[in-house]
Amino acid sequence: MPRGADPGASLGPLLRKGTLGWRILSWFLALSLLPLLLTNTVGYVVSLRVLEGQVEEFLHELAEAQAVHVAHQVLLHELELEGFSTGHREFAALIRSAVDDLESGRPNGLAYSALVNTLRHELGQSAVFDEFLIVAPDGAWVLSTSDVLSQPDWFGPWVDGQTWIGPATSEAWEVGEHILPVLTVVHPVVDDRGLAGVHVGVVHFASQGRYMGIPAHLAKHVESYVVSATGNPLFVSHPHRPIDFGKPLETPLLRTPPGIVSVYDNYEGASVVATSASIPGMSWRYVAEVSQDSVFGEMRMLRLLSAVLGSLFALGLVAIVWLVARSLVSPVQELVAAAERLRARELGVQVQASGTDEIGQLGRTFNLMSSELERSAREIEELHDQDMRRASQFATMGELAAGIAHEFRNPVAGITCGVELLTQQSAGDSMASDTLAQMRLQLGQIETSVNDLLSYARPRKPDSVRIDPAQIVDQSLSLLATQAKSGGVTITRIVDSGVPHVIIDPTQMTHAVLNLSLNAIQAMPEGGEMTIHVGFDSQSVRIAIIDTGPGIPENKIQQIFRPFFTTKHRGSGLGLAITRGIVERNGGRLEVASRPGEGSTFTLVLPILDDEEDA
1 MPRGADPGAS LGPLLRKGTL GWRILSWFLA LSLLPLLLTN TVGYVVSLRV
51 LEGQVEEFLH ELAEAQAVHV AHQVLLHELE LEGFSTGHRE FAALIRSAVD
101 DLESGRPNGL AYSALVNTLR HELGQSAVFD EFLIVAPDGA WVLSTSDVLS
151 QPDWFGPWVD GQTWIGPATS EAWEVGEHIL PVLTVVHPVV DDRGLAGVHV
201 GVVHFASQGR YMGIPAHLAK HVESYVVSAT GNPLFVSHPH RPIDFGKPLE
251 TPLLRTPPGI VSVYDNYEGA SVVATSASIP GMSWRYVAEV SQDSVFGEMR
301 MLRLLSAVLG SLFALGLVAI VWLVARSLVS PVQELVAAAE RLRARELGVQ
351 VQASGTDEIG QLGRTFNLMS SELERSAREI EELHDQDMRR ASQFATMGEL
401 AAGIAHEFRN PVAGITCGVE LLTQQSAGDS MASDTLAQMR LQLGQIETSV
451 NDLLSYARPR KPDSVRIDPA QIVDQSLSLL ATQAKSGGVT ITRIVDSGVP
501 HVIIDPTQMT HAVLNLSLNA IQAMPEGGEM TIHVGFDSQS VRIAIIDTGP
551 GIPENKIQQI FRPFFTTKHR GSGLGLAITR GIVERNGGRL EVASRPGEGS
601 TFTLVLPILD DEEDA
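So in this note's numbering, the last spot in the sequence shown is 615, and the numbers never skip.
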């Protein structure tokens, strides 16, 4: 180019239409912009589909987790009401007296006022209930902790004719300027005279989120609903315009099974993605929905931005689209992969959830859910392992006992007969007699071990009769006299007057008392005192075997009933396990109290049955 010439002057001919430069420029622009536009379009569609799938999947996971959480919260509050109703011993009597006051025209009677004050005090301790009601057995309204002196409009004859067996949550409808749901938790108050009344805990509309344990903003832009069996909303997380609680919620999810994901316009006219989950143990459903604008708004803005920037920055736009798509899809893909690992029972899966947007909140919610599932799974696994170990032990015991009975019992019986014959033949040989006596002793111990194994592995069903428990003790003492005397143990027998009869298997219970007494004697090798005390209370007869031995360390008390556990050099370690099994099969229980250096007390607690139960 000549010095001083204008650079722009040479561009005119180059860029004129029809010139080679124009065609090169046109082809360059076409070949660069069209693939970019096509790539951006395909990338946008694919990213949108992936994001839609992941949002639907995690919306479903969120709904399932919250449905279980709501069921858990409802159960906790039902147990709270049950605890109050059953925790006051005089509550039933106070209700009966208050009903008498009301029927006698004394609404301000002492019992009526005391009942109101008691309920108001408990209401002040509750974090969820707004009101307590008392209903008579015939369904008549008795009183309320509020200042209302008559039956509320929403309280219908729904108590009359029903049989109450425990706490239950249901819904009613309060009709005023607006129809609002009212949750009622009922619990029957029963005494020995029957149904005294029904204790009703009332949760008004403003407190239902706290009752169900659902925060107003579970996750950003996620709306939470709880609907009844008829589809009427019971809880709405944060409605943006008034909702008619008297009509079913406007959603097609009510006509589809739980777990189906639908896209529709909700009652506010917003297009949403939603799913539902059944609340375990109840006829309610939990509905979770999120607006498409909040979830996919950024993707739609990206489409416009890509179109604008694609015509101006062809090469730079490729990198921008790639980074943006990666920033949107990668966290969701990570959540999907984590969910698949969790579904494959890989516990404790966590994802990075550092963002503050919806996906970040979903990640944090997933982490919390994963931690809870891991804790629950480990607890279930531990319980399952314990059951499997116990089942395996029982199975092994049965096989071992059968094998021992077959392999040992007959040979031992033959050897015993041979020893008896040799004893008769060597009556004049003192050395041989002593040796044979030791052989008989060892054979007896083998037979005792075999019998212990068979008794534990194949327990016999009790043949129960009515009997005086003192007879069991006396029969056991007659069998213990020789062992106690040789061990230097003094036995004291104490039987309270008027001890009632019990229904047990005499042979089995004698075996149980004999086992415990022999253990007590063996625990005092240097001699001591053993006391057998037969007493009773209003519900049970108690046979206590008390020794003055060294006692049992605290860390071994829970282990002594385990099969094969023993602290002695001899024995199978099955005696206490067999004894506890005998007592439990006879309807009782075995208690132990011991402190090192102070001896031990084993108590057989046997139930007292009245005439009707005996029959």
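Honestly, I wouldn't trust all of these hints.
In the DMTMM-like style, the derived pairs of lysine to aspartate or glutamate whose C-alpha atoms are separated by at most 25 Å in a straight line are [as the list claims (entries may be wrong)]: (1) K485 <-> E529; (2) K461 <-> D357; (3) K247 <-> E268; (4) K461 <-> D474; (5) K220 <-> D357; (6) K247 <-> D357; (7) K485 <-> E526; (8) K220 <-> E298; (9) K247 <-> D265; (10) K220 <-> E250.
Have a look at the derived ranges for each label pair, beta carbon to beta carbon [said to hold, decoys possible]: (11) P107 <-> H204: 53 to 61 Å; (12) L75 <-> E591: 54 to 62 Å; (13) K556 <-> L75: 36 to 44 Å; (14) H221 <-> E591: 32 to 40 Å; (15) T256 <-> R562: 33 to 41 Å; (16) V465 <-> S376: 13 to 21 Å.
It should be emphasised that the hints constitute simulated quantities derived from the structure, not laboratory data. In this text, all values refer to a predicted model and were calculated from it rather than measured experimentally. Cβ atoms here follow ideal geometry from the backbone N, Cα and C, with glycine treated the same way.
Report task. Assess, step by step, whether the Cα of K247 is no farther than 25 Å from the Cα of E268, and give holds or violated. Result -> holds (14 Å)
Query - Status of the given 36 to 44 Å range, CB of L75 versus CB of K556 - result: At 37 Å between Cβs, range holds.
Query raised in the report: Taking the CB of T256 and the CB of R562, does the distance hold inside 33 to 41 Å?
Result: violated (53 Å)
Query raised in the report: Taking 25 Å as the top limit, are the C-alpha atoms of K220 and D357 close enough?
Result: With a Cα-Cα distance of about 7 Å, the restraint between K220 and D357 holds, given a limit of 25 Å.
Query raised in the report: Does E298 lie within 25 Å of K220 when you go C-alpha to C-alpha?
Result: holds (15 Å)
Report task. Using the beta carbons of L75 and E591, state whether their distance is inside 54 to 62 Å or not. Result -> Because 32 Å falls outside the window, the suggested range is violated.
Query raised in the report: Is the hinted range of 13 to 21 Å satisfied by the C-beta distance from V465 to S376?
Result: This hint is violated: roughly 47 Å between Cβ atoms.
Query raised in the report: K220 and E250: Cα distance at most 25 Å?
Result: holds (22 Å)
Report task. Would you check the hint for K247 and D357, treating anything up to 25 Å between C-alpha atoms as holding? Result -> violated (34 Å)
Query raised in the report: Do H221 and E591 keep their Cβ atoms within the hinted range of 32 to 40 Å?
Result: The hint (32 to 40 Å, Cβ to Cβ) is violated, given that H221 and E591 are roughly 59 Å apart.
Query raised in the report: Is it true that the CA of K485 sits at most 25 Å from the CA of E529?
Result: holds (11 Å)
Query raised in the report: Is K247 close enough to D265, meaning Cα to Cα at most 25 Å?
Result: Distance of about 17 Å is within 25 Å: holds.
Of the numbered hints given earlier, the model fails hints 2, 6, 11, 12, 14, 15, 16; all others are met.
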